[in-house]
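From first to last, the protein sequence lines are chains H, P and U.
Each residue of the first sequence is one higher than the last, beginning at 1 in the numbering used here.
Each residue of the second sequence is one higher than the last, beginning at 1 in the numbering used here.
Each residue of the third sequence is one higher than the last, beginning at 1 in the numbering used here.
Simulated from the structure, these hints should not be mistaken for lab results.
Take the hints with a grain of salt, since some may be wrong.
[Claimed, not checked] Pulled a few chain U residues facing chain H out of the computed Cβ check, cut under 10 Å:
#, residue
1, Leu19
2, Ala23
3, Ala26
4, Arg158
5, Ile316
6, Gly327
7, Asp328
[Stated by the list, open to error] Quick list of in silico lysine to any residue cross-link-like pairs, SDA-like style, CA-CA up to 25 Å:
#, chain 1, residue 1, chain 2, residue 2
8, U, Lys155, H, His135
9, U, Lys356, P, Ile267
10, U, Lys356, P, Gly312
11, P, Lys307, U, Glu223
12, P, Lys415, P, Gly194
13, P, Lys307, U, Lys155
14, U, Lys356, P, Ala311
15, H, Lys145, U, Glu357
16, U, Lys356, P, Val344
17, H, Lys145, U, Glu223
18, U, Lys356, P, Leu308
19, U, Lys356, P, Val180
20, P, Lys204, H, Phe167
21, P, Lys14, P, Ile259
22, H, Lys180, P, Thr350
23, P, Lys415, H, Ile199
24, U, Lys155, H, Ala320
25, P, Lys14, P, Ile267
26, P, Lys14, P, Val379
27, U, Lys356, P, Pro386
28, P, Lys17, P, Glu430
29, U, Lys155, H, Arg309
30, P, Lys91, P, Gln431
31, P, Lys200, P, Ile12
32, P, Lys17, P, Leu208
33, H, Lys180, P, Lys200
34, P, Lys14, P, Thr350
35, P, Lys307, U, Pro208
36, P, Lys204, H, Gly311
37, P, Lys14, P, Lys204
38, P, Lys204, H, Gly321
39, U, Lys155, H, Arg177
Note that beta-carbon positions come from the ideal geometry of N, C-alpha and C, so glycine has one too.
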Amino acid sequence: MRHMRRALAGALMSATAVIVLGFGSGPVLAAEIGIAVGAPESATVGDDVEVKAIVTSDDEPLEGAVVALSYSTSLAGVAGRVELVSAVTDAEGIAVMTYEQRAADNGEMHIEYVGPEDIDAAPFIFTIAVENEQHQLYAPISGIKIPLLNGTLVIAVIAGVWSMIAFSAYQLVRVGRAGKGERSASSVAVASEQGSAWIATILTIATLITAVGMVIVFLRTPLASGDPLQPERYDRSPIAFIESDLPYEGTGLAEASLAETGDSLADGEMLYFQYGCASCHGLSGIGAVVGPGLLGEVGSLGGFLEDVREGPNEMPGYAAGVLSDDDIELIHRFLKEGDRG
Amino acid sequence: MESVIRWRERLIAKTTKPTLRTTAWYWVWLSFLVSVMAIGVYSYSTQWRDGLIVTNMRDRISWGLYISAFVFFIGISHAGTLISAILRASKARWRAPVTRTAEFITAFSLLIGASFVVIDMGRPERIFNVYLFGRWQSPIMWDVMAITTYLTASLIYLYAPMIPDLGLFRDRLADEVGPVRNWIYRTLALDWIGTPTQFKYLGKAITLMMLIIIPIAVSVHTVVSWIFGMTLRVGWNTTIFGVLFVAGAIFSGIATLVIVLAVLRRIYHWEEYLTPKHFIYLGYLLAAFAAVMIYVNISEFVTTGFKLEEAGEFAFRQLFLEDFSVMFWFYIIGGLITPLVLMVVPKTRTIAGVVTAAVLVVIAMFLERYFIVVTGLRVPLMPYEPANYFPSMVEWSIFAAGLAGFALLITIAVKIFPMFAVWEMVEEREQQVALEIAQSILVDEDMRDDGETSGAGALAGSPIPEGGAR
Amino acid sequence: MRETTHDQRKQALTSGPVLAVLAVGAAAVAAAPALSPALRVVGGLIALAIVLVLLSARQRRRSQIETNSIDDTAHMLSIDAPVESLETPIKIVGVERRAALKMVGFGALGAVPMMAAPRLMDQLVANVITGKTGSATTKTLSLHDQAFQDPALTKDGRIRQWTMIIDLRRCDGCQSQGTAPQCTTSCIEGHFAPEPMEWIEVYEAELPGGGTQFIPTPCQQCEDPPCVKVCPVGATFSTPEGTVLIDQGRCIGCRICMAACPYDRRFFNWGNPPIPPEAAFADYHPDHQTPSIRGTVMKCDFCPDMVRDGTLPFCIQACPNDAIYYGDLEEDIATNGRTIVKATALIDDNNGYRLKEHLGTEPRVFYIPGHGEDVGRDPHTEGRVETEWPWVERAEGAASWSR
């Protein structure tokens, strides 16, 4: 059992932050299990939060009971309860559970009796308000930074090497100039009179331009990693708007608002597409690679609603926040009555 | 003893001969090269149209002949650096007749090598993204920068010592060549009339470039190796890769230089200037680098083989025993040990021996580049069957076009530019003669008879300890 | 006003889809290598002309809609931003190609007959023209702001840190289904991944004691990615969400990232990618990489766009055994579409590991060791069904290749 900790009696006394909310407020159970909880009223994201549960059986402290703490959350359209930590009660029936506050919202927190006996006890429900501090808790590792060993050094090397190359090229310009000066001073007859140093000048200028260009390439190096602590460095828009003035809207859910034609069957069909049902159950609900055919094969609205919420077999469950009861009803009607030809 | 003036005149006549006289065979050779190039251009046009699917590279072996050719050509570009810069810096007296050719090889093979990177790109039309969005953290960017630097530097280093010779050509050939070449000589010669001021500035340029081009050249092939060395692949990710590539580059560069010199010597009858001594000295360099290569290879294989990870075992098996064993053992025996033996045994220490060794080395070094690229990629990273790769006809024809392009550039350069550094050779000759006169005064008559007689062989081989730059 | 919109609608109903089909046909003529060059040129010109006509019609419709909205719906005026502004783009639902694609279920286009598309498009256009744009626009604005300008956030504004946890105890390589691995198949169908790209590939690895295990392998989304480090143009990059994406619009096709990736998870479009014609309708974005572009590198993108929109990635939706969890390490939760659990607890309690941990790439994909025992697989039943690309015969003018 992870995070198991023997709570000392003294610890309960000294934990000033712990506010006892009440004892045994929900004893629905016939199996005489009672759970009382001591938990702080609020917690800040990133803190370690300590929650104490006192488990009683027929008002006697229950030793060796396993209790689990969970909160409710949702991710990617899937809603549910996440078990944070579980612990075993000591001789006084106290289980101490510590978890790190990672969620921005705990929703309803439950403490539930999970063992060792197979007793169906109702959970103790309470809330812990969450205060946000908006700093990243999960941070990737960082490498070694050695002072002075960085891009500046490389730029210095490049600049040094290229200035020497450019200097050499410039010497050739001087060679040409010297020849010109000499020739006009003395009247040495040279076979061709039309020489000049322009090619060396071009060479020198080209060298300088290349050198400057290289340093510019260095300085313009784009960042290749988004620092989670500084998200402004990562901007999707420059890539997202290539060849399109409108962004890509994802492949999943669509605009449910389109399905307001007044014709409930047509609306249901639209919603069926828009919520991605067609992805698995095929166009017009005739079944496809993953999901079975549904058109004309759905049962009662109640059962359908339950199936959509929970997701039978490999189907994902759709929470109420994603797909409302009304929309499910429309889809259900389409699937039940929509077999129009 | 022949006078320096007459010796110089004969040298000039020999040097300008290719510029003035063109045989029918030249045009045959030129059109052969152009047709090979044309086939390559056609092949590339199909690649441009259909994408890299016309090659046999695929996801698992995603680099092949093109990258091997890139490494190979960048490698032989080190000929110029070594012969020209290192020998110039160490004031080796025999280098003068071979430097110009070496520098041309450098510039041309760099051009060809760099173009193979573009040929290998999936979207060559986006090449300017490298400048627009270049990231200096990437080994490819290191290569872009190092090769740009090296190309600029070696063009200047080729050009600067050629200026006096261009001036000579401008003066001598004004009435004998057409207007195009006349214009080239007039423009490139930069009003060269050989005044002390001009020599001073030219000397500055040459000395500075000579010093800086050595570290640049070393860095170029080191970063070429880092394209492979910076990945996480077995067989590539080793610290010795930089050394292996630089040594291999100079090794193959010398070999290429030997081959080019031998061909030019044969065609233009430059036996007087390119003596057996030159070839044998180059052969010694070849042997020395063969020894370095053997050492580096042993060091690498023993370190990897002693540990022998799972992937390392696969790499060794394909290299030593299976798919690539013929290539590998040809490289070790034919490319490294045989040249060493050829140079150690006195009987084979001839021009024919050196050229044989050089041909073996060039082939072996190309095979080494090829199997380094392909075997490194072939080691499976995940549980899958190893892929196989053999270049397609498109790849072969583009590679052949690369070789032809290199030969074509040299063929054309021979017709335009002075292939000998005339002024340096004359300087050498003057010192040689001066020394001989001094010897004739100081040394006993009998000793002089036994000593070196005048002539090219003595010139090239005489180990003069201190010459003075000019 | 009413008359005008009605006419507009009629026109859109008839001409739009017909013209689009004609344009595709003409483009196919232009791309067909078997036809004579002259015919192809003519085809290309016709396609170009039709596209221009469609574009101008679209422009007209848009201005028409704008006028309508301002005339008809007073609440539209609450939106200050101009239509073309990039900061707050207003989506005019219905006239966009993407909307039509989305309508027919992007994820299973392989199973959807394209004949149905025009009908749906008509419905959309009708909705737009009957004055529904007002509310749709208002809604889209906030959705867009949330989903696209910024990375995905928790409720209190922290950036989600995507992760994937794959429970190998529940993966039998779809042996029990008798099909190719459903994660791979659905990913291919959803992304139109060209043959032979398996962005999530199910490797069969040998176990030390004999027998085999199946390892579904998406891009490992390393936190210290070797591929990003070597890219010369920054075409592949790490996002603040911790995923690695590729901008195929910038990629130069040098393939050094493929050499650098220690997981063999990158793929190259060697030729014209074999994708079905409808994929060409998608607006390209690195988040989904559709349509594929020849000469560029592709890989698993972790579907951040889908998760922002409230659905799980294709591979997770399709897994019949719920073996794959998608999660957020910032809130420390993960879901396989059925249950939602604490991510770190799931990894730690089941001895989770990462591939090639010793390389220090810090992958974001975790594995729970196993060989399908939880779904009743015997490790000695080897082999899985090969993946198929359902639309290859419909991919005109494209070439497919093997790996």
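Each hint tested on the structure:
Interface hint at Leu19 (chain U): violated, since its Cβ lies 20 Å from the closest Cβ of chain H, which is beyond the 10 Å cut-off. The restraint placing Ala23 (chain U) at the interface with chain H is violated, with a minimum CB-CB distance near 17 Å, outside the 10 Å limit. The closest approach between the C-beta of Ala26 (chain U) and any C-beta of chain H is roughly 21 Å, which is over the 10 Å cut-off, so the hint fails. The beta carbon of Arg158 (chain U) is positioned within 10 Å of a beta carbon in chain H (closest approach about 6 Å), and the interface hint is therefore held.
This hint holds: Ile316 (chain U) has a C-beta 8 Å from the nearest C-beta of chain H, less than the 10 Å allowed. For Gly327 (chain U), the suggested interface contact is upheld, since its CB lies about 7 Å from the closest CB of chain H, less than 10 Å. Taken as an interface hint, Asp328 (chain U) checks out: its beta carbon lies about 6 Å from the nearest beta carbon of chain H, inside 10 Å. As the CA atoms of Lys155 (chain U) and His135 (chain H) are separated by approximately 12 Å, the hinted pair is consistent with the 25 Å bound.
Under the criterion of a C-alpha separation no larger than 25 Å, the hint pairing Lys356 (chain U) with Ile267 (chain P) is inconsistent with the structure, at around 59 Å. Taken as a hint, the Lys356 (chain U) and Gly312 (chain P) pair is honoured in the structure, with Cα atoms around 15 Å apart against an allowance of 25 Å. Distance check on the hinted pair: Lys307 (chain P) and Glu223 (chain U) sit about 29 Å apart at the alpha-carbon level, beyond 25 Å; violated. Using a Cα cut-off of 25 Å, the hinted pair Lys415 (chain P) and Gly194 (chain P) holds, with the two alpha carbons roughly 24 Å apart.
At roughly 51 Å between alpha-carbon atoms, Lys307 (chain P) and Lys155 (chain U) are farther apart than 25 Å, so this suggested pair is violated. Pair hint Lys356 (chain U) plus Ala311 (chain P) holds up; C-alpha atoms about 13 Å apart against a cutoff of 25 Å. A C-alpha spacing of about 22 Å is found between Lys145 (chain H) and Glu357 (chain U), which places the hinted pair at or below 25 Å, so the restraint holds. A threshold of 25 Å between alpha carbons decides the hint, and for Lys356 (chain U) with Val344 (chain P) the separation of about 48 Å lies outside it, so the pair is violated.
In summary, the hint linking Lys145 (chain H) to Glu223 (chain U) is supported, as the alpha carbons are separated by about 17 Å, within the 25 Å threshold. Restraint check: the Cα-Cα separation between Lys356 (chain U) and Leu308 (chain P) comes to about 17 Å, which is no more than 25 Å; the hinted pair holds. The hinted pair formed by Lys356 (chain U) and Val180 (chain P) fails the criterion: a straight-line CA distance of about 63 Å is larger than 25 Å. Between Lys204 (chain P) and Phe167 (chain H), the direct Cα distance comes to roughly 9 Å. Compliance with the 25 Å bound is thereby established for this hinted pair.
Note on Lys14 (chain P) and Ile259 (chain P): the hinted pairing holds, with a Cα-Cα distance of about 20 Å set against a maximum of 25 Å. Proposed proximity of Lys180 (chain H) and Thr350 (chain P) is contradicted: the alpha carbons are some 48 Å apart, above 25 Å. Proximity of Lys415 (chain P) to Ile199 (chain H) is assessed by CA-CA distance (about 21 Å); at most 25 Å being required, the pair is judged to hold. Between Lys155 (chain U) and Ala320 (chain H) the CA atoms are separated by roughly 18 Å; this keeps the pair inside 25 Å, and the hint holds.
For a cut-off of 25 Å, the pair hint linking Lys14 (chain P) to Ile267 (chain P) stands: about 12 Å separates their Cα positions. Proximity of Lys14 (chain P) to Val379 (chain P) is assessed by CA-CA distance (about 54 Å); at most 25 Å being required, the pair is judged violated. A hinted pair counts as satisfied when its Cα atoms are at most 25 Å apart, and Lys356 (chain U) with Pro386 (chain P) qualifies at roughly 19 Å. In summary, the hint linking Lys17 (chain P) to Glu430 (chain P) is supported, as the alpha carbons are separated by about 23 Å, within the 25 Å threshold.
Under the criterion of a C-alpha separation no larger than 25 Å, the hint pairing Lys155 (chain U) with Arg309 (chain H) is consistent with the structure, at around 23 Å. For the hint pairing Lys91 (chain P) with Gln431 (chain P), the CA-to-CA distance comes to about 13 Å; that is within 25 Å, so the pair holds. Taking the CA atoms of Lys200 (chain P) and Ile12 (chain P), the gap is about 24 Å. The hint holds against a cut of 25 Å. At roughly 32 Å between alpha-carbon atoms, Lys17 (chain P) and Leu208 (chain P) are farther apart than 25 Å, so this suggested pair is violated.
Under the criterion of a C-alpha separation no larger than 25 Å, the hint pairing Lys180 (chain H) with Lys200 (chain P) is consistent with the structure, at around 15 Å. For the hint linking Lys14 (chain P) to Thr350 (chain P), the alpha-carbon distance of about 24 Å falls within 25 Å, and the restraint holds. Proximity of Lys307 (chain P) to Pro208 (chain U) is assessed by CA-CA distance (about 21 Å); at most 25 Å being required, the pair is judged to hold. Taking the CA atoms of Lys204 (chain P) and Gly311 (chain H), the gap is about 82 Å. The hint is violated against a cut of 25 Å.
A hinted pair counts as satisfied when its Cα atoms are at most 25 Å apart, and Lys14 (chain P) with Lys204 (chain P) does not qualify at roughly 29 Å. Simply put, Lys204 (chain P) and Gly321 (chain H) have alpha-carbon atoms about 78 Å apart, too far for the 25 Å limit, and the pair is violated. For a cut-off of 25 Å, the pair hint linking Lys155 (chain U) to Arg177 (chain H) is broken: about 72 Å separates their Cα positions.
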